[in-house]
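Enquirer: These are the residues of each chain, in order.
There are 2 protein chains.
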Amino acid sequence: MELLSSTKVSGGWLKRYRHESLSVKGDMVFAIFLPAQAENANVPVLYWLSGLTCTDENFSQKAGAFKKAAELGLAIVMPDTSPRGTDYPGEHDSYDFGSAAGFYLNATVAPYSNTYHMYDYVVQELPHLVEEHFPVTDKRSISGHSMGGHGALICSLKNPGRYQSVSAFAPITNPTQCPWGEKAFTGYLGDDRETWKAWDSCELIATAQERLPLLVDQGEADNFLEEQLKPEALEAACEKAGHPLTLRRQPGYDHSYFFISTFIDDHLEHHAKALGLI
Amino acid sequence: MELLSSTKVSGGWLKRYRHESLSVKGDMVFAIFLPAQAENANVPVLYWLSGLTCTDENFSQKAGAFKKAAELGLAIVMPDTSPRGTDYPGEHDSYDFGSAAGFYLNATVAPYSNTYHMYDYVVQELPHLVEEHFPVTDKRSISGHSMGGHGALICSLKNPGRYQSVSAFAPITNPTQCPWGEKAFTGYLGDDRETWKAWDSCELIATAQERLPLLVDQGEADNFLEEQLKPEALEAACEKAGHPLTLRRQPGYDHSYFFISTFIDDHLEHHAKALGLI
Chain A
986 MELLSSTKVS GGWLKRYRHE SLSVKGDMVF AIFLPAQAEN ANVPVLYWLS
1036 GLTCTDENFS QKAGAFKKAA ELGLAIVMPD TSPRGTDYPG EHDSYDFGSA
1086 AGFYLNATVA PYSNTYHMYD YVVQELPHLV EEHFPVTDKR SISGHSMGGH
1136 GALICSLKNP GRYQSVSAFA PITNPTQCPW GEKAFTGYLG DDRETWKAWD
1186 SCELIATAQE RLPLLVDQGE ADNFLEEQLK PEALEAACEK AGHPLTLRRQ
1236 PGYDHSYFFI STFIDDHLEH HAKALGLI
Chain B
986 MELLSSTKVS GGWLKRYRHE SLSVKGDMVF AIFLPAQAEN ANVPVLYWLS
1036 GLTCTDENFS QKAGAFKKAA ELGLAIVMPD TSPRGTDYPG EHDSYDFGSA
1086 AGFYLNATVA PYSNTYHMYD YVVQELPHLV EEHFPVTDKR SISGHSMGGH
1136 GALICSLKNP GRYQSVSAFA PITNPTQCPW GEKAFTGYLG DDRETWKAWD
1186 SCELIATAQE RLPLLVDQGE ADNFLEEQLK PEALEAACEK AGHPLTLRRQ
1236 PGYDHSYFFI STFIDDHLEH HAKALGLI
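So the protein lines, in turn, are chains A and B.
One gets the working numbering by counting positions in the first sequence from 1 and adding 985 to each.
One gets the working numbering by counting positions in the second sequence from 1 and adding 985 to each.
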């Protein structure tokens, strides 16, 4: 691991690293916030998955999360949103496919199947690396925004026991049924829609082995609400399966980090409770 | 005034406007955060002056200030850092002079003397506009970062009675004696160093008509500390003049918005007390 920067914030440290990833067969950058408590004890980790167009930096710069995380004694790990080392035809041409749009799945269609294994990276490789090199426990929670909210939901639903808690801001709840998801899943998984279901939270909830409660915030003035995000689909799937869901529709809020910054402390407290910090 | 955007955050609204400025003879953009309290009453205003390379957006996106401002019932006005409508020779060539580097003074050297009147804009025109169009009182405080910290200090020192309180993050305390200031003041004010003194907080403190207490935070790991910022010069000037100064040297912190986000709540509370909010 190569340390790219180290910045003091809220009494703790924000560190950015580059490392060679086996999952994506190339270099990846991630950031970790370590609260002051980590100087004397191992602390639990929240994994934050960002949305389309983001890197590891959007959340650290715009969410205003470190004050509360410092108070709680919670580390936060922020991965990038796709592999970056390749130059496939069209990979960098659109904001919603290819670079910065890895959708937290394992691609099966060439050439993306060679490297776009963000699911393996986020669920297995990155936690393994983090737990080996930093003063953290093996207690994990996961959250994210938009594409990253989808990522947080599927990572927890597919891995019973792996996370203590899960939450999401404006997640793409039902990617098999919206334009962003249809474009990404076609490009990464191919035309057989049956194979898409393994990466759709609304599908996964029906057969989930663990009923971890979902905390979801959704702005009612979000431009992507009806066409892409479909909280009502998540609500219906949870109701049908008896899956616990707290869906908070927030009047007036849009899809931006201003929305996230407004409610991030609630989410951090939700995770801190599940992680035994409060 | 043309409304550019309106975004809900922390229960209040962040609004960006473009308007025609008489001071700078061209269009200017500014942002205002109005807390929910402003729906029912007039609230006091903190003016935030940003540093080199910034626009009105850096503070709103990165400082994490709106949660506390919302709690306190404090509006925050964020101007741009220079006029933008001109294309003078070399105006856009360097990060520390010309566009995004107006230094909150009134230029006297052509062609900058035509439009670079950021001091008049920030002290007179913008408050006049804000107090005419928004639900705010005429109680004002001022703060800023780096070049904007210099701006906050000189605006308050030159205008006794105009601000209830002042604070700064890593201010350029003594611009007549550092490379950033020497370059800017030569370009905007000319070669006669006597004329520079009217825009240097360390000079102004000697003859200040009002002894408004200064709250200053300075990171000890700030790359610009020794060459550009010189907190020891401010300390000496305050000591000599009997001017009240709380200078907090913060170990490990750099010049970034991560430093600002760590201590912004302390500054907002400092201003809220002077403004009668707490």
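What the hints contain is simulated information worked out from the structure, not anything from laboratory work.
Wrong hints could be hidden among the right ones.
Identical chains blur together in the list; that is why a pair holds if it fits in one copy or across any two.
[Unchecked claim] DMTMM-like, lysine to aspartate or glutamate: derived pairs with alpha carbons at most 25 Å apart:
#	residue 1	residue 2
1	Lys1000	Glu1205
2	Lys1225	Asp1012
3	Lys1143	Asp1105
4	Lys1124	Glu1076
5	Lys1010	Glu1205
6	Lys1000	Asp1250
7	Lys1258	Asp1072
8	Lys1258	Asp1078
9	Lys1053	Asp1250
10	Lys1182	Glu1254
11	Lys1143	Asp1177
12	Lys1000	Asp1177
13	Lys1168	Glu1056
14	Lys1047	Glu1188
15	Lys1182	Glu1116
The structure displayed is predicted, hence computed values, not measured ones.
Enquirer: The structure should be examined with respect to each hint, and the outcome stated for every one.
Expert: Hint by hint, here is what the structure shows:
In this assembly of identical chains, the alpha carbons of Lys1000 and Glu1205 lie at most 25 Å apart only when taken from different copies (18 Å versus 34 Å within one copy). For the homomeric pair Lys1225 and Asp1012, neither the shortest alpha-carbon distance inside one copy (42 Å) nor that between copies (56 Å) is at most 25 Å. Proximity of Lys1143 to Asp1105 under the C-alpha cut-off of 25 Å is restricted to the intra-copy arrangement: shortest distance 12 Å within a copy versus 60 Å between copies. Taking the shortest Cα distances, Lys1124 and Glu1076 never come within 25 Å of each other, neither inside one copy (35 Å) nor across copies (53 Å).
Taking the shortest alpha-carbon separations for Lys1010 and Glu1205, neither the intra-copy value of 40 Å nor the inter-copy value of 40 Å comes in at or below 25 Å. Proximity of Lys1000 to Asp1250 under the C-alpha cut-off of 25 Å is found in both arrangements, the shortest distances being 21 Å within a copy and 23 Å between copies. With identical chains, the CA atoms of Lys1258 and Asp1072 are never at most 25 Å apart, being 43 Å at best within one copy and 56 Å at best between copies. For the identical chains of this complex, Lys1258 and Asp1078 are neighbours neither inside a copy (42 Å) nor across copies (52 Å), given an alpha-carbon limit of 25 Å.
In this homomeric assembly, Lys1053 and Asp1250 come within 25 Å of each other (Cα to Cα) both inside a single copy, at 6 Å, and across copies, at 13 Å. Neither within a single protomer nor between protomers do Lys1182 and Glu1254 lie at most 25 Å apart by alpha-carbon distance, with minima of 31 Å and 51 Å respectively. When the C-alpha separation of Lys1143 and Asp1177 is checked against a cutoff of 25 Å, the pair qualifies only within one copy, where the shortest distance is 20 Å, while the shortest distance between copies is 71 Å. Within a single copy, Lys1000 and Asp1177 get their C-alpha atoms no closer than 41 Å, and across copies no closer than 46 Å, so neither meets the 25 Å cut-off.
With identical chains, the CA atoms of Lys1168 and Glu1056 are never at most 25 Å apart, being 41 Å at best within one copy and 42 Å at best between copies. With identical chains, the CA atoms of Lys1047 and Glu1188 are never at most 25 Å apart, being 32 Å at best within one copy and 37 Å at best between copies. For the homomeric pair Lys1182 and Glu1116, neither the shortest alpha-carbon distance inside one copy (31 Å) nor that between copies (56 Å) is at most 25 Å.
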